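Number of protein chains: 2
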Amino acid sequence: MPFDMNLVQRGARLRRSPFFDATQRYGARGYTVYNHMLFPIAFGDLEEEYWHLVNHVTLWDVAVERQVEITGPDAFAFTNLLTPRELAHCAVGQGKYVVITDESGGIINDPVLLRLGHNHFWLALADSDVLLWAKGVALNAGLRVEIREPDVSPLQLQGPKAKDVAIALFGERVRALRYYHFFEASLDGIPLVVTRTGWTAEIGYEIYLRDGSRGDDLWERIMAAGRAHQIRPTGPSDIRRIEAGILNWGADFNLENNVYEVGLERLVDDAKRTPYIGREALARIKAAGVARKLVGIEIAGPRIEFNAVKWPVDAAGETVGRVTSAIWSPRLDRNIGYAMVSIAHAALGAALRVDVPGAGARAATVVPMPFVDPSKEIPKQ
Amino acid sequence: MPFDMNLVQRGARLRRSPFFDATQRYGARGYTVYNHMLFPIAFGDLEEEYWHLVNHVTLWDVAVERQVEITGPDAFAFTNLLTPRELAHCAVGQGKYVVITDESGGIINDPVLLRLGHNHFWLALADSDVLLWAKGVALNAGLRVEIREPDVSPLQLQGPKAKDVAIALFGERVRALRYYHFFEASLDGIPLVVTRTGWTAEIGYEIYLRDGSRGDDLWERIMAAGRAHQIRPTGPSDIRRIEAGILNWGADFNLENNVYEVGLERLVDDAKRTPYIGREALARIKAAGVARKLVGIEIAGPRIEFNAVKWPVDAAGETVGRVTSAIWSPRLDRNIGYAMVSIAHAALGAALRVDVPGAGARAATVVPMPFVDPSKEIPKQ
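Line order of the protein sequences matches chains E and A.
So that you can map any letter, position 42 of the first sequence is 42 in this note's numbering, and since no number is skipped, the others follow by simple counting.
So that you can map any letter, position 60 of the second sequence is 60 in this note's numbering, and since no number is skipped, the others follow by simple counting.
Isolated chain E, as found in the complex (with noise of 0.2 Å):
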């Protein structure tokens, strides 16, 4: 199916990201759609992306991580109205992954929270439009906070050297960050912040422009200091983030699923001290149970191409569920993904069969996540 990219370009709709003229002059080979921008989805090919990924280090434009920002006098109470996990417990400096929940439990968005002062956050978005929520829950909140979407884009810089060249970029402190913390820095004069987060399990940062004019300026800073590494652009690598057992907001859960049904009740603080959207239906779901869950799986048989259908899962003949995310993974020589199936058949060794399109049913096992243990020692290429 081809595709004219001059079509998708012609009107103002969508919008460009900072390093979009350099993602371009790099030889991006594609984009898709994000938070209403235009977002690099591979410059070469994607097994040699992911290669490189987990052999050197890789520079990945998200500025498509759009943020709401809220500030004000009570920016904490109405940030940790937002969501389960216990705001208490994330100093100035740190950063939490967190669902933003509605009333019924229904998972709006799972973006990583940075905590910029006590009064002062950002929400690092996945693909909804949570500046909406933010602003319509806090009309009649009675509580004094202003919610915007900042100049702020990031980039994630990701791979075992990548910790080499943010030494390189930021000095010897980037030594003691620790995982899910941050600072604040400056490189020729461009304003950034800087965390130890990523979408790959790999060692990885994410570098957050705070001035939208100097993306090309901070792009080529990043390739310089990088080029000792055999830095190189690449897109998302669904690869590695289903080894890792990282999900996909919209396509492996959204707002009709909950944090039981996804295996994020971690991100539910159960003695957290105060109300928040959504916490009598999150603890009536626990009570009861769920009636479906995500589940690990490994499709037999040769190489898949998954696609934008969800395809169908079935047990002893009857459909018990869907695929939302498959791969073929070269590291484990085998099919890999998630599928969302009903709760009798989502037991560690469920058998299951996948109707792949063009290439008729395969057997399918429900596996144990992540599927590459960071800890083991895995062959690389």
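If you're looking for bench data, these hints aren't it; they were derived computationally from the structure.
Predicted model, so just to flag it, every value in this text is computed and none were measured.
Even for Gly, the Cβ is constructed at its ideal location relative to N, Cα and C.
Watch out, some of these pointers could steer you wrong.
Claimed, not checked - Covered stretches of chain E (chain A as the covering partner; in silico rule of three or more C-beta atoms under 8 Å from a C-beta of chain A):
#	stretch
1	31-40
2	102-109
Said to hold, decoys possible - Derived pair list, reagent style EDC-like, types lysine to aspartate or glutamate, alpha-carbon separation capped at 16 Å:
#	chain 1	residue 1	chain 2	residue 2
3	A	K96	A	E86
4	E	K272	E	E86
5	E	K310	A	D21
6	A	K310	A	D355
7	A	K286	A	D270
8	A	K310	E	D21
The hints should help you fit chain A onto chain E, whose structure is shown.
Positioned in the frame of chain E, the structure of chain A alone reads:
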């Protein structure tokens, strides 16, 4: 810039329209993304599709106009809170073009609202998550409503022969259907709502499919009824909508703009009897006057190709605004578009210069909208 659609389609994050298979079968040349869904852009040459629209009849998949459905005992009161229009003037069976406003009067979305019952509304959305906004507002509004995205997917049937095709499908009652009114219908058991609305300023209808499993059936039924009138599938016609002065949310205006800046003040009912979100802000803005305004412009010289960058607009050597949309009108034989300019340069006849990338500075003039007056005879191809 080549684009590999297989990359975009790899994951299941982007939703497919119920008409997706049909658009593939009929040769869609490409897709963009709108409300998290793939949106066919064109099937043939864009000018060819334009001429077909103004001379014959076209079928356009607008399933991306996702609905927010509002029901419950307080649905009228709640929906009336979301918009500056007085919904007491909207009868059951009637629709309204409305803006959804935030507390600052900013435009969150500009849907077509349909009133299906006293307490039953649909909002057919432009590209923002009004579902999240409405749910957020409802949280503390003290009104009994249910808010959800129903299984509803519209098609647009547009062009001078659209009425003949609609009569072939739905019978003589089509003749009595007034602009922005609708009826419920069934075709071969497919549940539908048929409105006299569209995004073209041609005679046209929207056919809202209420059962996503019947997309292919409905598409083929309409294509069969239209065969005698040379119906063909197309994407959106930016040429025709700009000729008509129709705005595109996200491109021509967004949350940063208010109705007074973009010429949509007719969507505010000053005599509205009840409070609504943004009322005080809009009253202040109206009293103070706006600092910038969206105007119609003609850009001199040969055909231009607009891209995603909003071209700078200068007057007397100073940047005074940005082009938001621009296109070559083959019927008017000139370049037309919109620019958001500071109020000092917004008067009819004001002389501007547009910086066209790769084509240098071009003279431009502020002109009345719409560019094509539907009451005047215009030569057709």
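Here is how each hint holds up against the structure:
1. 31-40: Holds, because 5 residues of the stretch 31-40 of chain E bring their Cβ atoms closer than 8 Å to Cβ atoms of chain A.
2. 102-109: With 3 residues close enough to chain A, the hint holds.
3. A:K96 with A:E86: 10 Å, holds
4. E:K272 with E:E86: With a Cα-Cα distance of about 5 Å, the restraint between E:K272 and E:E86 holds, given a limit of 16 Å.
5. E:K310 with A:D21: With a Cα-Cα distance of about 15 Å, the restraint between E:K310 and A:D21 holds, given a limit of 16 Å.
6. A:K310 with A:D355: 10 Å, holds
7. A:K286 with A:D270: 11 Å, holds
8. A:K310 with E:D21: 15 Å, holds
Going down the numbered hints, you'll see the structure goes against none, and every one checks out.
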